[in-house]
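Heads up: take any position in the sequence shown, counting from 1, add 28, and you land on the working numbering.
Calculated directly from the structure, the hints in this document are not laboratory data.
A quick note: this is a predicted structure, and the numbers were derived from the prediction, not measured.
Careful, some of the hints might be misleading.
[Stated by the list, open to error] Straight-line distance between alpha carbons at most 20 Å, and here's what the computed DMTMM-like set of lysine to aspartate or glutamate pairs gives: (1) Lys149 to Glu279; (2) Lys72 to Glu311; (3) Lys176 to Glu218; (4) Lys228 to Asp277.
[To be verified] With beta-carbon atoms standing in for the labels, derived distance ranges: (5) Thr105 to Ala84: 43 to 53 Å; (6) Gln317 to Met265: 36 to 46 Å; (7) Ala184 to Phe138: 22 to 32 Å.
Yeah, the Cβ is synthetic: ideal placement off N, Cα and C, and Gly gets one too.
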Amino acid sequence: MRFDSWNPAVNFIFFGIVVASAVAFNQPVFLAIGYACSFAYSVKLNGKRAVCFNLALIPFIVLFALFYSGYNHFGVTNLAVNFIGNQLTLEALVSGFVIGTRAASVLMWFSCMNAVVSSDKVVYLFGRVSPRLSLFLSILLRMVPRVKERARKIGAAQRAIGRGAGQGGLLRRMRNGMRIASIVITWTMESMIGTSDSMKSRGYTLRGRTAFSIYRFDYRDRSFVLVLFGCAAILLMGILLDQTCILYDPEIILNRITPLSGVFYAAYALLCLLPMLVQIMGERRFARQRKAGCENGA
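The task is simple: from the sequences and hints, build the whole structure.
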């Protein structure tokens with residue numbers, strides 16, 4: 029059972045917690061858990077495309093760490109001297125790796141969120157609170173794939189008459205590209221205005237508006253939220269006990285890891301892996317039921 033079939037409120041609560049944790053935690057163990065879980069879940073949702081995207085982030089993490097350590101001078105463990113004579117320290121280098129890994133984890137969680145949270149869920153959550161905001165978000169989320177598809181069609185039509193972005197000399201290619209961009213921008217603006225006027229004419233921004241929804245907060249959602257908040261409560265205890273704290277300036281100082289720390293690590297890992305575990309369990313249950321049905325039918 030995929031996580032995107034659950035109530036949108038559950039989806040937003042989960043991604044809100046994991047994204048906030050990925051931004052806040054810089055302790056190496058928590059950082060590694062968040063990175064590994066976001067990597068695994070994005071691959072589970074998006075397949076080979078996610079593998080390529082996630083692996084492409086690794087060189088950027090390394091480059092950012094080198095850049096950060098070259099222009100931020102703190103720490104007591106000197107490693108080398110760069111080309112302008114500044115000291116490269118271990119503490120600055122590790123801090124750069126930590127910041128880059130946190131950013132990569134956030135990007136991977138957002139890729140998961142993009143695969144799970146659709147525009148109709150955004151409309152469902154924000155429609156009752158602010159119809160105008162809901163209308164804006166729904167138009168914005170729908171606009172990106174439509175603009176991409178429209179640009180592809182316009183580019184194909186222009187190539188058919190010899191005005192493609194890759195046809196002719198340099199100046200002609202520039203003019204053709206600007207012409208295609210102008211057509212796409214004009215179409216996008218007209219489409220957004222037409223959609224907005226259409227929704228307003230249907231009373232979308234009136235007070236007391238009711239909306240049809242296929243989502244219900246059932247026992248399955250309640251159970252998931254209870255487990256989610258249970259893990260979050262244990263994680264909050266770890267935060268209050270300074271299990272997520274580490275210093276990188278002027279030297280790396282990590283709080284002592286105790287057997288109790290393993291409980292906090294396990295709670296954070298379970299929190300991050302909950303949707304994937306539920307999906308895997310649902311897929312296995314479906315496979316067993318399908319196999320049993322085939323055997324009974326035979």
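Here's how the hints hold up against the structure:
Proximity of lysine 149 to glutamate 279 is assessed by CA-CA distance (about 46 Å); at most 20 Å being required, the pair is judged violated. A threshold of 20 Å between alpha carbons decides the hint, and for lysine 72 with glutamate 311 the separation of about 12 Å falls inside it, so the pair holds. Under the criterion of a C-alpha separation no larger than 20 Å, the hint pairing lysine 176 with glutamate 218 is consistent with the structure, at around 16 Å. Pair hint lysine 228 plus aspartate 277 does not hold up; C-alpha atoms about 55 Å apart against a cutoff of 20 Å.
Here the CB-CB span from threonine 105 to alanine 84 is close to 30 Å, at odds with the stated 43 to 53 Å. About 39 Å separates the C-beta atoms of glutamine 317 and methionine 265, a value consistent with the hinted range of 36 to 46 Å. Range check, alanine 184 to phenylalanine 138: about 31 Å between beta-carbon atoms, so the 22 to 32 Å window is met.
In the structure shown, a violation is registered for the earlier hints numbered 1, 4, 5, in ascending order.
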